[in-house]
Amino acid sequence: GAVVSQHPSRVICKSGTSVKIECRSLDFQATTMFWYRQFPKQSLMLMATSNEGSKATYEQGVEKDKFLINHASLTLSTLTVTSAHPEDSSFYICSASGIGGQYEQYFGPGTRLTVT
Amino acid sequence: KNEVEQSPQNLTAQEGEFITINCSYSVGISALHWLQQHPGGGIVSLFMLSSGKKKHGRLIATINIQEKHSSLHITASHPRDSAVYICAVTGYGGSQGNLIFGKGTKLSVKP
Numbered sequence: 543g544a545v546v547s548q549h550p551s552r553v554i555c556k557s558g559t560s561v562k563i564e565c566r567s568l569d570f571q572a573t574t575m576f577w578y579r580q581f582p583k584q585s586l587m588l589m590a591t592s593n594e595g596s597k598a599t600y601e602q603g604v605e606k607d608k609f610l611i612n613h614a615s616l617t618l619s620t621l622t623v624t625s626a627h628p629e630d631s632s633f634y635i636c637s638a639s640g641i642g643g644q645y646e647q648y649f650g651p652g653t654r655l656t657v658t
Numbered sequence: 003k004n005e006v007e008q009s010p011q012n013l014t015a016q017e018g019e020f021i022t023i024n025c026s027y028s029v030g031i032s033a034l035h036w037l038q039q040h041p042g043g044g045i046v047s048l049f050m051l052s053s054g055k056k057k058h059g060r061l062i063a064t065i066n067i068q069e070k071h072s073s074l075h076i077t078a079s080h081p082r083d084s085a086v087y088i089c090a091v092t093g094y095g096g097s098q099g100n101l102i103f104g105k106g107t108k109l110s111v112k113p
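Protein chains in written order, with our numbering: chain S, 543 to 658; chain E, 3 to 113.
These aren't lab readings, by the way, just hints derived from the structure by calculation. If you're wondering where the values come from, they're calculated on a predicted model, not measured in any experiment. You may find that some hints are simply not true.
As the list claims (entries may be wrong) - List time: in silico BS3-like cross-link candidates among lysine-lysine, alpha-carbon distance up to 27 Å:
#	chain 1	residue 1	chain 2	residue 2
1	E	55	S	562
2	S	556	S	606
3	S	583	S	606
4	S	583	E	108
5	S	556	S	583
6	S	597	S	583
7	S	597	S	562
8	E	70	E	55
9	S	608	E	108
10	E	57	E	105
11	E	105	S	583
12	E	70	E	108
Looking at chain E on its own, in the form it has when it is part of the complex:
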């Protein structure tokens, strides 16, 4: 079993829909990251969080440490949101580079 599990693996939505991507992990963590990877390959760091909730524009990330679960929400989705969304965690006590990556969720938003 992977230490970081994402669901769903693939997601197709219509423009304007509210989207939720889930991430569960089985290790103690210092921080959790949400990353976005576009078809060209470049990665953008969306959020880093260790508790609570963060919001940036139409994106919201939440984390529940007790349940070892995080969600990434996209409100009013748009075709330009189409990308792979990756959840990654820094294990507790781990060095900065020891990110454990989920396999990603491929999102496709149709106009």
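Same shape as in the complex, but just chain S:
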């Protein structure tokens, strides 16, 4: 099946700093990428949907100025957590959907963010 990678897999940062997480589709062109957040023992929560070359669509309650999403190419989307705070500590997962892959999503391995 299609492969989606995320980098880094784990990151620890200090409060007030910004962190960038990359999501790459390795063997297909991802027209749409999704960013999810998962708190411990909770379901995934969709944060935003990004289509290549256009602005991301954020879900209600997700601050677009805090969680900057860029989808500059068909194989790369980035999520930048700006001015991170301890409450931003979470597991961030991306998924990608390719051309012709209606409803099919391929998930990345996730990034564990800890803000101290």
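Position chain E against the provided structure of chain S, taking the given hints into account.
Frame of chain S; chain E shown alone:
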């Protein structure tokens, strides 16, 4: 009431046992997904189905659209199958990202 309900929430089995995880949903759907999340957190998409039955190795997924119910079966279970299994649906007419997730079933297979 959640739109996607899974049962059981937790399941412990002995190696070799046949396992069934159930998923019921209350909305019209375009597709249903079964996902596997290992303790490290990474998610693997196991199946996407909108009708009938799919099989991959020891895993079988079935869906009954009329009854709004899906099952995931694992034959000859193995400790490496230990993970959280998540059912998610794409609501009818919804965009690809609008997955509605169940809370997951935590499976532990003992040797």
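Structure-based check of all given hints:
no. : hint            : verdict
1   : E:55 <-> S:562  : violated, 40 Å
2   : S:556 <-> S:606 : holds, 21 Å
3   : S:583 <-> S:606 : holds, 25 Å
4   : S:583 <-> E:108 : holds, 10 Å
5   : S:556 <-> S:583 : holds, 24 Å
6   : S:597 <-> S:583 : violated, 31 Å
7   : S:597 <-> S:562 : holds, 17 Å
8   : E:70 <-> E:55   : holds, 14 Å
9   : S:608 <-> E:108 : violated, 33 Å
10  : E:57 <-> E:105  : holds, 23 Å
11  : E:105 <-> S:583 : holds, 8 Å
12  : E:70 <-> E:108  : holds, 22 Å
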